[in-house]
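S.K.: The listed protein sequences correspond, in order, to chains G and V.
For the first sequence, the numbering used here gives the first residue as 1, with consecutive numbering after it.
For the second sequence, the numbering used here gives the first residue as 1, with consecutive numbering after it.
Each hint should be verified, as a subset may be incorrect.
[Stated by the list, open to error] SDA-like cross-link-like pairs, simulated, lysine to any residue; straight-line CA separation at most 20 Å:
| hint | chain 1 | residue 1 | chain 2 | residue 2 |
| --- | --- | --- | --- | --- |
| 1 | G | Lys-525 | G | Leu-638 |
| 2 | G | Lys-288 | V | Leu-3 |
| 3 | G | Lys-288 | V | Ile-79 |
In short, the hints are calculated from the structure, not lab data.
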Amino acid sequence: MSRVFRTASGGHIDRRRPLHFRFDDREYTGFAGDTLASALLANGVHLFGRSFKYHRPRGLLGAGPEEPNALVAVCRDSARVTPNVRATQVELYDGLEAYSQNRWPSLALDFGAVSGLLAPFIPAGFYYKTFMWPRDAWRRLYEPKIRAAAGLGRAPEQADPDTYANRFAHCDVLVVGAGPTGLAAAAAASACGARVILCDEQPALGGSLLSESTTHSDAMINGEPADRWLASTVRMLAAHPRVRVLTRTTGFGYFPHNLLGLNQRLSDHLARPDHNQPRERQWQVRAKEVVLATGALERPLVFPGNDRPGILLAGAARTYLNRYGALAGSRVVVVTACDAAYQAALDLHRAGASIKAIVDVRVGSSDGELPEAARRAGLSIETQCTVLGTSGRLRVRAVRIQKLDASGEPAGPARRIRCDLLLMSGGLTPSVHLFSQSRGKLSWDERLGAFLPAQAAERVRSAGACRGVFSLDSAVQDGAHAGLAAAQSAGLSVAASLPELPPPESSASGVLGALAQPPGARAGKAFVDWQNDVTSRDLTLAAREGFRSIEHVKRYTTTGMATDQGKTSNINALAIVARELDKPMPQVGLTTFRMPYTPVSFGSFAGFARGELFDPVRTTPMHDWAARNGAVFEDVGLWKRARYFPRPGEGMHAAVARECLAVRQHCGIFDGSTLGKIEVVGKDAATFMNRMYVNAWTNLAVGRCRYGILLRDDGFIYDDGVVARKADDRFHVTTTTGGAAGVLALMEDYRQTEWSDLNVWLTSTTEQWAVIAVQGPSARRVLEPLVEDIDISAAAMPHMSVARGRICGVPMLLMRVSFTGELGFEVNVPADFGLAVWQAIHTAGQEHGITPYGTETMHVLRAEKGYIIVGQDADGTVTPDDAGLWWAIGRSKPDFVGKRALQRPAFASPYRKQLVGLATRDPQCVLEEGAQIVPARQRTAVREVPIGHVTSSYHSAILGRSIALALLVSGRSRLGETLYVSMPDGDIPVQVVSPVFYDAQGSRLNG
Amino acid sequence: MLLIECPYCGVRPELEFVYGGQAHIARPANPAACSDEQWADFLYWRENNKGVHAERWRHTHGCARFFNALRDTTTDHFIATYRVGERPPAAALEGASGSRS
Chain G
1 MSRVFRTASG GHIDRRRPLH FRFDDREYTG FAGDTLASAL LANGVHLFGR
51 SFKYHRPRGL LGAGPEEPNA LVAVCRDSAR VTPNVRATQV ELYDGLEAYS
101 QNRWPSLALD FGAVSGLLAP FIPAGFYYKT FMWPRDAWRR LYEPKIRAAA
151 GLGRAPEQAD PDTYANRFAH CDVLVVGAGP TGLAAAAAAS ACGARVILCD
201 EQPALGGSLL SESTTHSDAM INGEPADRWL ASTVRMLAAH PRVRVLTRTT
251 GFGYFPHNLL GLNQRLSDHL ARPDHNQPRE RQWQVRAKEV VLATGALERP
301 LVFPGNDRPG ILLAGAARTY LNRYGALAGS RVVVVTACDA AYQAALDLHR
351 AGASIKAIVD VRVGSSDGEL PEAARRAGLS IETQCTVLGT SGRLRVRAVR
401 IQKLDASGEP AGPARRIRCD LLLMSGGLTP SVHLFSQSRG KLSWDERLGA
451 FLPAQAAERV RSAGACRGVF SLDSAVQDGA HAGLAAAQSA GLSVAASLPE
501 LPPPESSASG VLGALAQPPG ARAGKAFVDW QNDVTSRDLT LAAREGFRSI
551 EHVKRYTTTG MATDQGKTSN INALAIVARE LDKPMPQVGL TTFRMPYTPV
601 SFGSFAGFAR GELFDPVRTT PMHDWAARNG AVFEDVGLWK RARYFPRPGE
651 GMHAAVAREC LAVRQHCGIF DGSTLGKIEV VGKDAATFMN RMYVNAWTNL
701 AVGRCRYGIL LRDDGFIYDD GVVARKADDR FHVTTTTGGA AGVLALMEDY
751 RQTEWSDLNV WLTSTTEQWA VIAVQGPSAR RVLEPLVEDI DISAAAMPHM
801 SVARGRICGV PMLLMRVSFT GELGFEVNVP ADFGLAVWQA IHTAGQEHGI
851 TPYGTETMHV LRAEKGYIIV GQDADGTVTP DDAGLWWAIG RSKPDFVGKR
901 ALQRPAFASP YRKQLVGLAT RDPQCVLEEG AQIVPARQRT AVREVPIGHV
951 TSSYHSAILG RSIALALLVS GRSRLGETLY VSMPDGDIPV QVVSPVFYDA
1001 QGSRLNG
Chain V
1 MLLIECPYCG VRPELEFVYG GQAHIARPAN PAACSDEQWA DFLYWRENNK
51 GVHAERWRHT HGCARFFNAL RDTTTDHFIA TYRVGERPPA AALEGASGSR
101 S
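Isolated chain V (complex conformation) (with noise of 0.2 Å):
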């Protein structure tokens, strides 16, 4: 079970949240310009990375917010989590290649 550590309540064991899929992905702005592949892409096309993933969790049991993490998918270890509209710590993403020391 993992440790998560919600941006508002601090860390809380994952049976609070649920997971959220991909994070950064706007909802188009003006949908009617979109062509049917752009709003395929929308829709379906997720990153599957080995590695950092930038996703959403949300604390259903906790404060019903939603937040940003990102997580290792090789060892599940998150590198951040961050509140709804910042972007990912710059520091974090740097430091989240290579082996744990």
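Chain G extracted, bound-state conformation (with noise of 0.2 Å):
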């Protein structure tokens, strides 16, 4: 029975090669060559998939990557499923799996299809217009409903296996598009010595010649047959050394400054891919100059019930006959409203299959070649005629046409005519996506009825049916001409003169929009888009509805918004919306063309940058350490900091109250070392710090340090972190670690940009200087024995004191510090030497009871003693006044930056957020981090405003209660008042406190 179906020889295939393959879990054979949607159509199917909103049977449109009906799922294991590939664009291997889509619980019994008896209700919109009431239904209801209702493919549910790989390269002509086109203008610019780079999306060469036929085509270039120009073409390039070839390779993408994304797929097609090798490949290629030979798709016509199974675009039914040598069907009818599809009706009624009729949309019949040839075989034609509509509910079963006279009035009676394939074609389309990408300007021809390339914004040019050329003779000449006007652009001498631009095209032809219908027709749905099932009267609907603008009836209707990203729709959709309107069509104007051309795998954007490469990582030199010491995670920016040290048993609770405990108790040693550490040095360095940071640095001796404020010369804090004065000439800064690089770069902007007269360099050492941060009662006792060349006593190291010595025999910048409120010191050593003086330290920390903690102890003791962290209690939002850190402003300086800003009234208000502390009323409970608070307690009809919001909150071992820091509105001015935090569990009451929890005289900082 197949057999009918297929041809016994001729076209592309080898049927020496049967392959078996799976669809909808039944057993076919193809042959390789085969595409999924060609093999299917050979073993006579023609039911490919349910529509996205109606359910409505559809089978195949096109034979290319304009198809969008025949979306299947393929399989090739239970991690390796792709949803929503375009059969027709699936190469056949032996043992493919693939199955139908968005339809339950079959293809031809599919439940959803009662959707379309629901079609009066649910026009264009009208998910703007229903399910508004109730509000709730909407979450609990309508949405999941919906969503399990609509949409083509299920996506995959495990990580994608393969891998996927990248490559830059670079050439003087990049050709998209092996066509005749693309192929002379590739061999035009190699044979001047450019260096090439042609791709095509398909897997072999030739383009439109492929759709020819191998028996009987008279196709002519530059004198000899059209097959044999192709193969000699085909191998010259091959062969020749400054050419790439890349098959299977789309161009999806077109970027600024001639930079082009490809996508080239490189193991699908296998029937076993080797997994060790890379599935695609994505290609960025910075070319001097770009020819685009992308060709043109055929447009479908709009007629009343146009979407049934067995309705194809006529080239499509060439190319499958042609190409694949299978017959789309046996009782043929053609409508057109061009020439070129008569081709398609000789070549079927060749290979057997019987033409009832061709049906041409046009007044008057065409003298054309292919008109002649047909009315030779002896082919009916009818000529003025539209369609009313078809019939067939999992097949076309017939067609009825009339002819229309001039003022559309019938001029005969409607017929029926019964068949099994209706082919239709209402002209070529340019593919002008890359162009308009390239943000080239598109202008309206209107003899052609096309958009086409006008004014280029890049160096690129457009040759063939891509800009309007479309006889196969002209095609090879534009795209020779373009291809030695590309090499002599990107410089290279062009031996002959370049040959003349062909004549443009002689013959007009096609039709836009829907097809007139006489008055009174009865109204069936005709399909605009198919993917997203827009009929022409949802975009009538959108017009009348007052939409104007081709985006908003784009968004509207989703005309154009499904996968094939309306390429057999939105010329037609535009003719319908501007014929609606009555303005020209350039005037509606094209939507935004966007990459990709094609739908690319996520996993060819990723490339390598997965799992561990992702994101580069960060580590301290004491990593491993902490590591191999059961310390846990967190991410800091790229860094690794330790958050805890659990001791076998312990959670994080329990480990961080006991590290709390220990260095308020005996000493900690922890890891600063990835906060930012700056250099500034220079004759102008403190000039330079006095105009960055607020504080006043001139009186800052030498061997002192000082709590340092950044702020953005909005006002606002922007980072904040001890400063020591090193020399006359020399600052040590030291930043958060999330600020490090901003820090930096806003200190440049000025250096570089405001300030260049002032004589001052910054270097980053953030990565130079291990920091081990040793804090507690013992920190001098761990210490003492270890340093050289420094007398640390209390006496002669005072609190905020730096200096250079060495410890363990190594560098040592030792700064007395502490983020804790305890005794502390921060021992600065090049970072090679770090971990050894960890270790050395810690060792010599035993008999003191030293306890290594991380950085959620670190937030605790800080929030303890109220010391702000910026990016958590300070947003850039937070104003020094609001943090309560007024005092570290140098009131005399003239200017700083953020100085300006400050005095705007705004900030003085009283009613700006400050910081306070919360005590909760139940001292265990802790309050959630960015938890707001509420003046009183919520009742259900009246929302309270808030007036702030928890920035650290923690439960405090040292104090055995919950503490938290936050930022209320007149925060200072509310102190022992009673609010209410807003918590998943209810409002829990808070008494506004001091941020400063423990040790408010700060004797503790002298151990």
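Two chains, each in its own frame: build the complex with the hints.
M.R.: Given below as structure tokens:
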């Protein structure tokens, strides 16, 4: 039975290599060279899927990337499932398994089809008008049900196991498209010595030439048969040392400065791909010149019932026959608005199909070559007809046509023609996607009825059908011209003068928009966008409802928004809207073209940047020690920081409590290496610091440290950190971990572009110093035996001082600073010595109960002292006064970054949020960070306006209760008040207190 | 990915740079003398040209210097790049308007 649908010979398939495959769990046979679509067609299969909204039975419309209906899922194994693949682009391999989508329980009997009955209630935009009440029902009921009912394929649930490669390439001329035009361009450019890259989405080169009959074609190029020209050109290019040919490679995106993205598919066509090889490779090609030879796509006709299985584009049916030897039907009607479709009728007729009629919608019989040949072959031709409708459920059964006179009135009786294949052709639409992506301007050609590339914005040329040059000889000439011109512009010397450009197309034809219907005709669904189920009535409805811009119409009706991106629908939709608005098409305009031209796997964009390679990981010199000692790490930017060091059996809460107590009672050791460090050096270093930070630096003595605050010129805190003055002209500035790069960038901005007269330069030393914090009453006792050259006694080294010396024999910058409120030091050694010094201090500290602690404990201890963390308690909207840090500002300085902004009246408002502490009435209740503060308990009908939020919140082991910091409106004038914090379980009563919870006098700093 | 010509290093890919906002905005020499409106203008008001835009770039992963550029925001073509403290080349500004040949 299936032999009836496959020709005995001819085509580009290999009948000696049969392939077995499964579609919807049924076994079929095809041949090497088939696509899934052609193989199924050759098995007599016409039902490929169910449409998105109405669940209408659908079959193939096209034969290439423009296919909107036949979306299938291809499954290799449980992890390699790709949904929404166009069956026309699936290369058949032995053992292929594919499934149709969007249907249940089966393709033939789909319960979803009932939504077709609801069609009158679900026109375009219905979801903006319905499902509005009750409001709650949207989230609980409507949305889940709509999501389940709509949609195409099922997304895979496992991680993509394949690898994807990427490559950068440069060339003189990149040619996109290897049909006759592109091949001619590549040949011409390479003949001049240009380095050429030629790519094509198909597995074989030749483009439209592959749709010529292999036995009866009379196509000629440059005086020789086209197939011979093709073979010799392909051979020449493959052997050429300066030409790279990429097949199965789609040019999907055009980016500024002539960078193009190409996606190369490496293994999807193989029966047993090597999983150690990449599945796809993404090329980023920077070309001096680009030639676009992207061809044109055939336009469908818009008439009622134009979507049944068995209704195809004429060119597609010809491709299936001539390239794949697949006969799409035996009783054929061809409806056309141009001469080219007559070739499809002739080819099918020669293959044994019965051409019942060629229905030409144009006025008067065309006297072109092809209609003449059709007449000579005895094919029946009707002119000036429209299509009233079709019938057939799972396959087209008949079409009804009627002649119309010049005014659109019936000029004859309606005629019903039985058929099992209905071909349609509305003309050709040049593929201008990549040209438009390159920001080239299009212009409307009234004669051709097409948008053509006009003004280029990059170094790019279009040639052949994609710029409206359709006839074969002209297209080849056009391609050669473009190739030579591109090579010339790329700087190569071109021996001959450029050939003339081909003359413009002689015969214009084609139709745009919906076919005219006689008045009073029964309205049926005339589809414009097959994939999103958009009909011509949806488009006229949008225009009637007031939508004027094509961008609005597109989004309201969803036309052109499916995965086919409107390849077969955009122009017809535009024509229908333009007619409804009574405006010329160019005035209504085209929607924006965006990449990718066809879908590209996410993996192809990710390349190798996945898993462990997604982001670089920064670790400190002590990282491995921490890991070996059980640290649990957290991410701070790209850094890994030890968060806590649990002992066996400890969870985070217990570990942090133990660490906190150990620091306050004995001694803790902490890795502070990730904090930013910037060396500010030069004669004008102090002047520079004075202008950047709020503090008065000129009175900071050498050997002393100060807590510095950095604002932006809008007055908000940007970063903070201890700054040490190592010499008159040398400051050691520290920053937060996350702010390091930003602080240096901000400093460089002012240094280079505002104060370039200052003698100062900046060096990042973040990675050069390992920083070991030793904090607690025993800190000095731990360090004293190890430190050389420095007297670290209380008298000799007061709090906030800095000294150079050695520790364990290596150079050290020692700072007496504390972020914990206990006696503390920060040991800075060159990073390579960090680990050894850490271990030495840790060993020396054993007899003093030294305990490693992590960032969580660090956060708790500083919060007990009311020290802010920029990024947590300050979020870019907090001024120094808000945070209680007005004392840090050098009042007598004439200017510093942020000073002018602080003088805004708004910053003096008593209603600003100010830093306070919160103490919960239940001391064991720990507030959530981010929770909102309200003045009174919430009542159901009344929502209280939040007056602040919790910024930091912890359980304090030393106090045995919870503590929290918050930003609260008029916070400092509310001390003692009772307020409420909104939490999931209710409103928690809190008292406003000082943000310093522990050792308010600060006496513990002295040990 | 844009190709940007650093005046110090030559043509390099966009990855090596960080955008630096509109160019030629001088921080007022005497901030104390500015009104609130003037200071807000300095902080927040920026041109939004459809066409030639003078802007700063910093070659962060190269020489780390700031420089200025004239870029056509409709095509992303760079008309000129020039050093901090220089004015945009007059010829470049003139040739900036009009279509690309």
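S.K.: None of the hints should be skipped; say for each whether it holds.
M.R.: Consistency of the hints with the structure:
no. : hint                  : verdict
1   : G:Lys-525 - G:Leu-638 : 56 Å, violated
2   : G:Lys-288 - V:Leu-3   : 12 Å, holds
3   : G:Lys-288 - V:Ile-79  : 17 Å, holds
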